[in-house]
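Required output: the full structure, derived from the provided sequences and hints.
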Amino acid sequence: MSEVYRSYTPAEKRQRAWLLVRTAKQAAADAVDPKLNRQLDRIDQAAAERGQREAAALVRQDEKAKATLAAAKAAERAARGKDRAAARDARKEAERRARATEKAMRRAGL
Numbered sequence: 001m002s003e004v005y006r007s008y009t010p011a012e013k014r015q016r017a018w019l020l021v022r023t024a025k026q027a028a029a030d031a032v033d034p035k036l037n038r039q040l041d042r043i044d045q046a047a048a049e050r051g052q053r054e055a056a057a058l059v060r061q062d063e064k065a066k067a068t069l070a071a072a073k074a075a076e077r078a079a080r081g082k083d084r085a086a087a088r089d090a091r092k093e094a095e096r097r098a099r100a101t102e103k104a105m106r107r108a109g110l
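With the first letter of the sequence shown counted as 1, position 60 gets the number 60 in UniProt numbering; the numbers rise by one all the way through.
Bear in mind the hints are in silico, worked out from the structure with no lab data behind them.
Ideal placement from N, C-alpha and C gives every residue a C-beta, glycine not left out.
Among the hints, erroneous ones may be present.
[Stated by the list, open to error] Restricting the straight-line Cα-Cα distance to at most 25 Å, the calculated cross-link-like pairs of lysine to aspartate or glutamate (DMTMM-like) are:
id: 1; residue 1: Lys13; residue 2: Asp44
id: 2; residue 1: Lys64; residue 2: Asp83
id: 3; residue 1: Lys25; residue 2: Glu12
id: 4; residue 1: Lys35; residue 2: Glu49
[What the hints assert, rightly or not] Cβ-Cβ distance ranges computed for the label pairs, FRET-style:
id: 5; residue 1: Ala71; residue 2: Leu20; range: 44 to 50 Å
id: 6; residue 1: Arg53; residue 2: Ala79; range: 36 to 42 Å
id: 7; residue 1: Ala78; residue 2: Gln15; range: 54 to 60 Å
id: 8; residue 1: Ala27; residue 2: Glu93; range: 50 to 56 Å
id: 9; residue 1: Ala86; residue 2: Leu20; range: 19 to 25 Å
id: 10; residue 1: Ala70; residue 2: Arg38; range: 44 to 50 Å
id: 11; residue 1: Ala108; residue 2: Ala78; range: 31 to 37 Å
id: 12; residue 1: Arg50; residue 2: Ala79; range: 40 to 46 Å
Below, the structure is given as structure tokens:
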């Protein structure tokens, strides 16, 4: 598996699949057109750049969610009375958001 996270658009996935089929047929005939390989490389490069931006955004979101969760836990510990119930709800929401960002990172393979 590649170490680079790539994010392909649906059109890129279709184009890439079509190009792979074409190159496989040409490879069987031992006459691969280098133009097809260049197109594949361009698609992969664009997907790698997009993936890098998306991965950085996911990491930032995860760090922000964890910081928010830590602040919510501290606020819950410091709260008393009716404020404690509101702080508990805020903590639960922060935990839900932190789990969601962790899940998104796992799905992305990060």
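So, going through the hints one by one against the coordinates:
1. Lys13 - Asp44: 10 Å, holds
2. Lys64 - Asp83: 23 Å, holds
3. Lys25 - Glu12: Holds, at roughly 20 Å.
4. Lys35 - Glu49: Holds: Lys35 and Glu49 sit about 21 Å apart, inside 25 Å.
5. Ala71 - Leu20: 44 to 50 Å: 48 Å, holds
6. Arg53 - Ala79: 36 to 42 Å: The hint (36 to 42 Å, Cβ to Cβ) holds, given that Arg53 and Ala79 are roughly 38 Å apart.
7. Ala78 - Gln15: 54 to 60 Å: Since the Cβ atoms of Ala78 and Gln15 sit about 55 Å apart, the hinted range of 54 to 60 Å holds.
8. Ala27 - Glu93: 50 to 56 Å: 53 Å, holds
9. Ala86 - Leu20: 19 to 25 Å: Check failed, 55 Å falls outside 19 to 25 Å.
10. Ala70 - Arg38: 44 to 50 Å: 48 Å, holds
11. Ala108 - Ala78: 31 to 37 Å: 35 Å, holds
12. Arg50 - Ala79: 40 to 46 Å: 42 Å, holds
Hint check: a violation occurs at hint 9 only; the rest are consistent with the structure.
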